[in-house]
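Undergrad: Sequence:
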Amino acid sequence: MAKVKNEVIAGDYTGRKVNKTYNGSFSTDGDVDWYKLTIPQDGYFYVDFQHDLVDSTRTYWQIRLYDSTGVNFVDGNSSYFGVTGNSNKITNTFGVSAGTYYISMNVNSSINGALSTDGDTDWYKFTVSSQCEIAVVLNYSSLDSSRTYWVINLYDSSAVTKVLSFNCKANVTSSSSEYVSVPSGTYYIRITDDYYSGANYSLTVQEKHDCSGSFKTVKDPTCTDTGVQEKNCSICGKLLDTQTIPANGHNCDAWIIDKEATCSSEGKRHSTCEVCSEPVSENIPMIAHTLGDWNVTKEPTCHNDGAQTRTCSKCDYVENETLTALTHNFGEWAIVEETSC
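The sequence shown begins at 1 in my numbering and counts up one residue at a time.
Accuracy of the hints is not assured; some may be wrong.
To be verified - Heads up, simulated DSS-like pairs for lysine-lysine below, C-alpha to C-alpha not over 25 Å straight-line:
1. K169 <-> K208
2. K268 <-> K298
3. K268 <-> K314
4. K125 <-> K208
5. K231 <-> K208
6. K238 <-> K208
7. K208 <-> K162
8. K125 <-> K162
9. K89 <-> K125
10. K231 <-> K216
11. K231 <-> K219
12. K238 <-> K219
13. K125 <-> K231
14. K314 <-> K259
15. K89 <-> K169
If you are wondering where the hints come from, they were derived from the structure by calculation, not from laboratory data.
Kindly produce the complete structure, drawing on both the sequences and the hints.
TA: The structure is reproduced here in structure tokens:
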């Protein structure tokens, strides 16, 4: 949003930033104040013009928005926003690219826009580098209406010959054309309103690819570095996916032991890779304990668990184990009271 108050010295061409308020005023009758705004990124903007209110319905100020040429209008026509003396003014919202207002787009990327006025037209230019199949997609918020709001036309480099056309109804959130095969070259998209809303939209040109092919290795892995394999579209050759091939690891057979591994510490060894001749060293995992026989330290009973231990013959490691409590061992039944009728 660019805010402007009418208190500035005439003829000020200083570059301005959005989301800031600048003051100005006309010095003479017929004076014109210019403001140059830099849009930092793709998106939308509008101008909020505020002034000291005058008790009159006459139009005191006219706001016109130009692209970087200073000649062409942002909204595609010569209309202006009039500001009366008894009210402030917020202009329509415009979809623009960062920097200048020459709007271009790339295949498979999205660009934001909006028709600023009833009857407005948005033009987009893009280039196809090789023969491919493309579709035009428009995304937007649902407007709860089955009417057609946008009409999309795709033209070839002449901007006259129509390649495809489709309509966008407002009660959905996305509309798409069918895929069409096009040769390399420059193309234009024209967006007009069948029924005006001023709603924001996102435009994308999607490229169709054949993903059925297999990966091909473009970089072999080495002992230490990963390799790369790629999958390309069989239609246009575009890179579709990339995968990493794990490194092979060193190939060593003749190891020299520097330190033997024990059951309490790791060992070390070194060698030379037979593939790349790089020196390689690594740890040797600890070996297992050499455990003796179990020694019962507490006999289990019918009521309590017992315990036993065993010790490693190579180090001080002791392993403990619980002996489960015994079950009761009952004798013959003894009759303590005879049954009766």
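Undergrad: Taking the hints in turn, state whether each one holds.
TA: A quick look at each hint next to the structure:
The hinted pair formed by K169 and K208 meets the criterion: a straight-line CA distance of about 24 Å does not exceed 25 Å. Between K268 and K298 the alpha-carbon distance is near 41 Å, which puts this suggested pair outside the 25 Å criterion. This hinted pair checks out: K268 and K314 have alpha carbons roughly 19 Å apart, not beyond 25 Å. Between K125 and K208, the direct Cα distance comes to roughly 19 Å. Compliance with the 25 Å bound is thereby established for this hinted pair.
With a C-alpha separation of about 15 Å, the suggested pairing of K231 with K208 holds against the 25 Å cut-off. Of the supplied pair hints, the one linking K238 and K208 holds, its CA atoms being roughly 10 Å apart against a limit of 25 Å. Annotation: proposed proximity of K208 to K162 holds, straight-line Cα distance about 20 Å (limit 25 Å). For the hint pairing K125 with K162, the CA-to-CA distance comes to about 14 Å; that is within 25 Å, so the pair holds.
Between K89 and K125, the direct Cα distance comes to roughly 32 Å. Violation of the 25 Å bound is thereby established for this hinted pair. For the proposed pair K231 and K216, the alpha carbon gap of about 6 Å is at most 25 Å, so the pair holds. With a C-alpha separation of about 13 Å, the suggested pairing of K231 with K219 holds against the 25 Å cut-off. Only pairs whose Cα atoms come within 25 Å are accepted, and K238 paired with K219 is accepted, the gap being roughly 18 Å.
Straight-line distance between C-alpha atoms of K125 and K231 comes to about 29 Å, which puts the hinted pair past the 25 Å bound. With a C-alpha separation of about 16 Å, the suggested pair K314 and K259 falls inside the 25 Å cut-off, and the hint holds. Taking the CA atoms of K89 and K169, the gap is about 31 Å. The hint is violated against a cut of 25 Å.
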